[in-house]
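Colleague: If you want the building blocks of each chain, they are given just below.
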Amino acid sequence: MSSTALDTAKKRMRFLLILSLAALLAIAGRLFWVQGINASTVADAAQADRQREEVIAPTRGSIVDRNGTLLAVSVDRYDLVIDQRDQRDQFRRAKRDGTNGSEFIGWDQAVKELAQILDQDPAELATSVQPQDGAKPKGYVVLAKGVTPEVKNEVMEVGIPRLSPLLRSERQYPQGVIAGPLLGFVRNSEDQTSVVGAEGLELSQEKHLKGTEGSRKIEVSADGVRIPVTEVEETPAVNGQDVMLTIDSDVNYVAQREAEKKQKQFNAQWVSVVVQEVKTGKILAIGDSAQLDPNDPGATDPEFRRSVSITRAFEPGSTGKAAIFAAAIDQGAVTPKTEFRVPNKYTVTKETINDSLPHDTFDMTAAGIFARSYNTGTVMVGNKLTKKQRYDYMRKFGLGSPIYLGLNGASAGQLAKPENWDRRQQYTTMFGQGYSQTVLHTASIFQTLANGGERIAPSLIEGYKNDDGSVTEPDQSKTSRVVKKETAKEMLKLMEGVVESGTGTKMKIPGYRVGGKTGTGQAASDKGYDGYSYSFAGVAPLDDPQYVVVATMYRPQGSWKNFSVADTFTEVMSHVLNTYNVPPSSTKSEAYDVFVGKEQKKPW
Amino acid sequence: MTQRAQRRVTKTAAMTAQTVVDGSAARAVRPEPVAASELPELDSRQRVTLSLVPRINETNKRSMLVMVIALVVVAFSVIVTLVLMNTSVAQRQYDIVSLRNQERVLSQENQALLKEAQSLSAPQALAKKAKALGLVAPGAPGLVDLNDNSITKSADKAVEAEGNSANYATLPLPGQSIREKAKADTKKSESKAPVPTVGNASKDDAKPATDSADSKNSTKSVVKDESATRKIADDGRPVFKDSELNGGTIPAPMIKSPTN
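Residue numbers (the numbering used here), protein chains in the order written: chain W, 1 to 604; chain G, 1001 to 1260.
It cannot be assumed that every hint is accurate.
Listed next, the in silico DSS-like pairs over lysine-lysine satisfying Cα-Cα at most 30 Å (straight line) [stated by the list, open to error]:
(1) G:Lys1153 x W:Lys493
(2) W:Lys384 x W:Lys484
(3) W:Lys506 x G:Lys1061
(4) W:Lys601 x G:Lys1128
(5) W:Lys508 x G:Lys1061
For each label pair, taking beta carbons as the anchor points, the in silico distance ranges come out as [unchecked claim]:
(6) G:Val1073 x W:Ser164: 47 to 53 Å
(7) G:Val1083 x W:Val42: 16 to 22 Å
(8) W:Tyr404 x G:Val1159: 38 to 44 Å
(9) G:Ser1121 x W:Lys588: 56 to 62 Å
(10) W:Thr235 x G:Leu1135: 49 to 55 Å
(11) W:Asn420 x G:Ser1121: 31 to 37 Å
(12) G:Thr1152 x W:Lys350: 40 to 46 Å
(13) G:Asn1147 x W:Asp360: 41 to 47 Å
(14) G:Asn1110 x W:Asn100: 53 to 59 Å
Chain G side only, calculated, beta carbon under 8 Å to chain W, not exhaustive [what the hints assert, rightly or not]:
(15) Ser1051
(16) Lys1061
(17) Leu1065
(18) Ala1070
(19) Ser1119
(20) Pro1123
(21) Ala1130
(22) Asp1148
(23) Ser1150
(24) Lys1157
(25) Ala1158
(26) Leu1171
(27) Ile1178
Derived from the structure by calculation, the hints contain no laboratory data. Computed from a predicted structure; not experimentally measured. Beta carbons: idealized from backbone N, C-alpha and C, even for Gly.
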């Protein structure tokens, strides 16, 4: 072998070696890249390819009353869906009589059994189970919606192939109509698998009730079957919070029942009964005469699907005098014993104020004017204050701004600025006309007076109960001082006079000292004043006020002289006092004299 | 090469070689075989020759067998353990699924029972039952002053049955539709009071109880009349008047006036 040949061979070998080394280096480099530097990306890609993510739906929170009674709860329901395609004439199933073995059954038999379980007409059901007369078989036909798990299990036993249950959450209201307009109702979510709030608390508390979705990550092989040994990554769903209300469902029942009864008695457009705790501002009951069953909201007139107690503003009439008298006493303009000569007609700045019934001219105390609810006297009292002063007090009592309880559609009422009051309005606002408010505003005014002049914003939500049992408190109710403590005390005596010897003598409750104010207001429509509102707002027991009950009837039919909500008020108030074991009053009445002088019994 | 051979020899001492190589040329003589154990010390530059390996004795053979068996057993047990673990993990997964199903079934059962209990204890349901049992609302309770042991107020007697103002069981029961309730009430009222007029209730103040009953009946019969006069067409659908159908359009929502 020549040396050149040897050199060539060596060169070739070296070349090959270098080539191999280069290839090796490339492979090693790639390996290093894949395993070392880019490892996580590649692993992720592989993981993503196998991984499937399932959503775990959270359970919607319940709504409970203050005693823990369930008012709204979410339950599991199933939709039964059948795929009509590729079905044979007969199918095999496990025997239903409990014995072992299987049997073949035909469609007629299956439909018959199905119809019996679902309580549907067999002929009608057959049309949805099987395609009719050569029609193209459908892939998705809903046979029944929202069936209970028991029914679903029974249906599955029939063994119809390609009949599948779809789980969905349904909202139920076990108490029926109790607090219906407050709870509101729900609608199906976009994907039809759950529900979302549509009205009332269900809507306003949506973010609390809803909860957070969880997820479950599983790995599946190429054929779609789950790989059993792989790790399951599970983020549990956080169930919605339970909303605890300040409502007592028993009291609410009584309020609703009495409201309904009163509505029927006078054929009123609506009647509302509101019960509020004096010391906390918490709403104990809101009873509307129109019943709403949240299980079937469509059965109720749309107008009454929200609580009228917070959505409907009306001119309150004489209950509005309470704010004016409180303002006058608070400003020191009058005392309860300040004397007035009260005629039947009183003309001031060319505006004549009439009393509802003709009466003689009386020498009365301020307290007496309040007790007998004379408009003329009230104007004399109110005139001791400026328009601005009265307006400011009315605003402080909460008039003219909506009371937000967590319910949508809360009405602010209408309270014009004093500079915009016309010549008559400046007087009518003293006796509850010329501005409007809701029943809840009335309750809030009387709560303020009964609570020593301190207004606590009404609240409906006691707290939110988390999944682990802990309770999250809602934001504290705003408190504000409206009138002095002494003023509030005097106002209670004035209210007692109403029940003792004034317009509210039928409101007495045996054993308890009761105070309050009646109110007959004219109700306006676009045709002018063509109806009435009639109400009584009362507080008991007066020695240590605990509860406010406001009974209001809107547009009752018949003569206003016959209107009465006495039985409504006394029934609800005595029920509340009994339920909460309020000790009876042990002190004597502190009502002031109505008239100046000895003689107190004078004709109306 | 030579370096390595030398190193190996010094290390083991069991392997050696005869001087069969002289420089780079092989010797002509064929060396006598020598037992590997008796190899003499070597010159470093000499090549290692083949030699007889001493026979492995019996004990070594047996330990080898034991070793192999042990290894096989270990390997086998590892495989079995792995398989068992895999199965148990898989089984666990099935257990989890079945427990989950069980949990769902139980919670559904719980839901159903709870709901039933709540519906049965709803105030209006209780009121209805109480009424059926002949219970009436109590009168005002009596009051005893504990300070001076005096009766400050004696209890009122409850008003019996029909006269009792607190007419319980007027609200629809849970699960009872408001529509059904209205219908049922109308039927009842029809048989009792055929044609009461609307709004006569408030005129007579003396008998509020009977009045309330009348007006209740009247409002309900009005509702009933409306539904009763609705004709049903052959196809099972109710017949609406043209005015009711509003020309086939849905009326725009009306603004709710607060004073209305």
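Colleague: Next step is simple, just say for each hint if it's right about the structure.
Modeller: Hint check results:
Annotation: proposed proximity of Lys1153 of chain G to Lys493 of chain W holds, straight-line Cα distance about 23 Å (limit 30 Å). Between Lys384 of chain W and Lys484 of chain W, the direct Cα distance comes to roughly 18 Å. Compliance with the 30 Å bound is thereby established for this hinted pair. Under the criterion of a C-alpha separation no larger than 30 Å, the hint pairing Lys506 of chain W with Lys1061 of chain G is inconsistent with the structure, at around 117 Å. For the suggested pair Lys601 of chain W and Lys1128 of chain G, the alpha carbons sit about 45 Å apart, so the restraint of at most 30 Å is broken.
Taking the CA atoms of Lys508 of chain W and Lys1061 of chain G, the gap is about 114 Å. The hint is violated against a cut of 30 Å. The supplied range of 47 to 53 Å is met by Val1073 of chain G and Ser164 of chain W, whose beta-carbon atoms lie about 50 Å from each other. Hint check: Val1083 of chain G to Val42 of chain W, Cβ distance near 29 Å, so the stated range 16 to 22 Å is violated. Taken as a hint, the range 38 to 44 Å holds for the pair Tyr404 of chain W and Val1159 of chain G, whose Cβ atoms sit roughly 42 Å apart.
For the pair Ser1121 of chain G and Lys588 of chain W, the supplied restraint of 56 to 62 Å is violated, since their beta-carbon distance comes to about 42 Å. Between Thr235 of chain W and Leu1135 of chain G the C-beta distance comes to about 53 Å, which sits within the given range of 49 to 55 Å. Range check, Asn420 of chain W to Ser1121 of chain G: about 53 Å between beta-carbon atoms, so the 31 to 37 Å window is missed. The given range of 40 to 46 Å is broken by Thr1152 of chain G and Lys350 of chain W, whose C-beta atoms sit roughly 54 Å from each other.
Taking 41 to 47 Å as the suggested C-beta distance range, the pair Asn1147 of chain G and Asp360 of chain W conforms, at roughly 45 Å. For the hinted restraint 53 to 59 Å between Asn1110 of chain G and Asn100 of chain W, the CB-CB distance of approximately 31 Å leaves it violated. Interface hint status for Ser1051 of chain G: violated, as the beta-carbon distance to the closest one in chain W is roughly 35 Å, over 8 Å. The beta carbon of Lys1061 of chain G comes no nearer than 42 Å to any beta carbon in chain W, farther than 8 Å, and the hint placing it at the interface is violated.
At about 36 Å, the closest approach between the beta carbon of Leu1065 of chain G and any beta carbon in chain W exceeds 8 Å, and the interface hint on this residue is violated. Evaluation of the Ala1070 of chain G hint against chain W yields a violated restraint, the C-beta minimum of about 29 Å exceeding 8 Å. Here the hint on Ser1119 of chain G is kept, as its CB sits about 5 Å from the closest CB of chain W, short of 8 Å. Hint status for Pro1123 of chain G relative to chain W: holds, with the closest Cβ pair at about 4 Å, below 8 Å.
This hint is violated: Ala1130 of chain G has a C-beta 12 Å from the nearest C-beta of chain W, more than the 8 Å allowed. At a threshold of 8 Å, the smallest CB-CB gap from Asp1148 of chain G to chain W is about 10 Å, leaving the interface hint violated. The interface hint given for Ser1150 of chain G is broken, as the beta carbon of that residue sits about 11 Å from the closest beta carbon of chain W, more than 8 Å. Against a cut-off of 8 Å between C-beta atoms, the interface hint on Lys1157 of chain G is violated, since the closest Cβ of chain W lies about 13 Å away.
For Ala1158 of chain G, the interface hint is violated, since its Cβ never comes within 8 Å of a Cβ in chain W; the closest pair sits about 13 Å apart. Residue-level restraint check for Leu1171 of chain G holds (minimum Cβ-Cβ distance to chain W is 6 Å; threshold 8 Å). With its C-beta approaching chain W no nearer than about 4 Å, Ile1178 of chain G sits inside the 8 Å limit, and its interface hint holds.
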